[in-house]
Amino acid sequence: MDKVRVATVWFSGCAGCHMSLLDIDETLIDLLDRIEFHNSPLTDLKTFPEDGVDVTLIEGAVGNEEHVEIARLARERSKIVIALGDCAVTGNIPALRNGMPPDRMIEAIYGPEQTTNGALPYDVVPHLLDRVRPLHEVIPVDYFLHGCPPPPGVIAKAILALLDGKAPELVGDDLKFG
Amino acid sequence: MEKQIHIEPVTRIEGHAKITVFLDDAGEVRDAQFHVTELRGFEKFCEGRTLWEMPGLTARICGICPVSHILASAKACDAILAVRAPESAVLLRRLMNLGQMVQSHALSFYYLSAPDFLLGWDADPAIRNVVGLVAENPELARKGIRLRAYGQEIINRLGGKRVHPA
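Heads up: the sequence lines are chains X and Y, in that order.
Each residue of the first sequence is one higher than the one before, starting from 1 at the first, in the working numbering.
Each residue of the second sequence is one higher than the one before, starting from 1 at the first, in the working numbering.
A portion of the hints provided could be inaccurate.
Straight-line distance between alpha carbons at most 30 Å, and here's what the computed DSSO-like set of lysine-lysine pairs gives [said to hold, decoys possible]:
hint : chain 1 : residue 1 : chain 2 : residue 2
1    : Y       : Lys-18    : X       : Lys-46
2    : X       : Lys-3     : X       : Lys-157
3    : Y       : Lys-3     : X       : Lys-3
4    : Y       : Lys-44    : Y       : Lys-3
5    : X       : Lys-3     : Y       : Lys-75
6    : X       : Lys-157   : X       : Lys-176
7    : Y       : Lys-161   : X       : Lys-157
8    : X       : Lys-157   : Y       : Lys-143
9    : X       : Lys-166   : Y       : Lys-75
10   : X       : Lys-46    : Y       : Lys-75
11   : X       : Lys-176   : Y       : Lys-3
12   : Y       : Lys-143   : Y       : Lys-161
13   : X       : Lys-176   : Y       : Lys-161
14   : Y       : Lys-18    : X       : Lys-79
15   : X       : Lys-157   : X       : Lys-46
Hints in this document: simulated from the structure, not taken from any laboratory.
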C-alpha cells in the first residue's frame, strides 16, 4: 500500500504545535510504516511536490504575504488541510497585533533608532498583512485541531482516523482551546 | 556575472529564515546574509498589558523553549512586585529549566542536526531528516526520542503540559 503523504507548514506561530506533533514520541516510529513526510520545517524538502500530498498540517496564523501564497499552494496541492492549533484556528496571540498599523510596529522594532543600519529588507523579507488572519479566512480548511498546542493525543487521534479513511471524531476535551 | 544562491526556507532550525549567498564574478563567496522572515510583534503588543498575563503570553514566543520565556518573565514580574520567590519555588523553576535543557538539546541534536552528521551533508535531501535517521539507525533514533520525552515529561509533571506549561 502506498504511504500517506504528509506535509507540515508553520506560519505565525511558535513551533509549539510541531513540538506537540513530536510529543507523540515513539508512536512517530510506528506511524512511519504508514506515512511519509514531504515538505516540512523538519525535513529538507522546501515546497509541495507537483503531484501533491494527502494531508497538510498548518501551524500558525496567516501574518504576511508569503503565508498567503503558501497557504494557497497548500490548498491546491493537498487533499486535506488541517488547521493545527489555536493560532491557525483563531489567530490567537499573533492576532494581538491587530489594530496596530504594521508599518508603525516594524518601525518601532526594526527602525533607525533600534538597529544599526535602519534598513528594512523588503526585497527579501515578506510584507506583513494589515491584519493577522486565521487560516480559514484565507483558504478552506477541512479540520480544526484546537489547543495551544493541541495535545499530542488529539493530533495522533486525528492522524490515525485519517489513515483509516475516516473523519477525525473530536469531542469533549479534544475541542478545548488554550 | 555576480550570482546569488537562495536557501529558502531554511529547514531543521528552530525558527523562520532564508539565506542569501552572494558570489562574485570568479564564483567566490562575496557576502552571505541570514534573513529572519517572521515578525509577530511581541515587542509591541505586550506593551500596556497586565503583569499577570506576561508569563503565559511570552511563553508563546517559542514553543521549543517556552520555559525560558516563562521563567524570565516570572523573574521580571517578581522584581516589579518587589517579592522574592520562596526557596522551594526557585528550585522547582530550576528543575523545570533543566527539563527544558534536556528536551531542547535532544531536539536540536537528534531531530534537527543528527541527519547531517549521521546521513551526511550530501545525503539525498528527501531522506536527510529524522525519518531517514529512524530508517538508518532505529536504536539511536529511539534513544533520541526517549531523551526528548524525558525532558518534556519533567516539564509536564511540574507545569501540567509539555508545551506552554502553566
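Worksheet entry | Holds or violated: Lys-157 (chain X) to Lys-176 (chain X), with C-alpha atoms at most 30 Å apart | holds, 15 Å
Worksheet item: Is the Cα-Cα distance between Lys-176 (chain X) and Lys-161 (chain Y) 30 Å or less?
Response: holds, 14 Å
Discussion item. Run the distance test for Lys-3 (chain X) versus Lys-75 (chain Y): straight-line Cα separation, threshold 30 Å.
Written reply: Roughly 48 Å between the alpha carbons, so the hint for Lys-3 (chain X) and Lys-75 (chain Y) is violated.
Discussion item. Checking one constraint from the list: CA of Lys-18 (chain Y) to CA of Lys-46 (chain X), max 30 Å. Satisfied?
Written reply: Given that 30 Å is the threshold and the Cα spacing comes to 11 Å, the pair holds.
Worksheet item: Within 30 Å, alpha carbon to alpha carbon, are Lys-18 (chain Y) and Lys-79 (chain X)?
Response: Status holds; Cα separation ~28 Å.
Worksheet item: Is the straight-line distance between the alpha-carbon of Lys-143 (chain Y) and that of Lys-161 (chain Y) 30 Å or less?
Response: The hint holds at about 22 Å.
Worksheet entry | Distance restraint between Lys-3 (chain X) and Lys-157 (chain X), which requires alpha-carbon spacing of 30 Å or less | It holds: about 18 Å lies between the C-alpha atoms, which stays within 30 Å.
Discussion item. Run the distance test for Lys-157 (chain X) versus Lys-143 (chain Y): straight-line Cα separation, threshold 30 Å.
Written reply: holds, 24 Å
Discussion item. Please verify whether Lys-161 (chain Y) and Lys-157 (chain X) have alpha carbons no more than 30 Å apart.
Written reply: Distance of about 18 Å is within 30 Å: holds.
Item to complete: Would you mind confirming whether the straight-line C-alpha gap from Lys-166 (chain X) to Lys-75 (chain Y) stays at or under 30 Å?
Response: Judged against 30 Å, a Cα distance of about 47 Å means the pair is violated.
Worksheet item: Taken at face value, is the distance from the CA of Lys-3 (chain Y) to the CA of Lys-176 (chain X) at most 30 Å?
Response: Measuring from Cα to Cα gives roughly 50 Å; hence the hint is violated.
Worksheet item: Are the Cα atoms of Lys-157 (chain X) and Lys-46 (chain X) separated by 30 Å or less?
Response: holds, 27 Å
Going through the hint list in order, the structure does not satisfy hints 3, 4, 5, 9, 10, 11.
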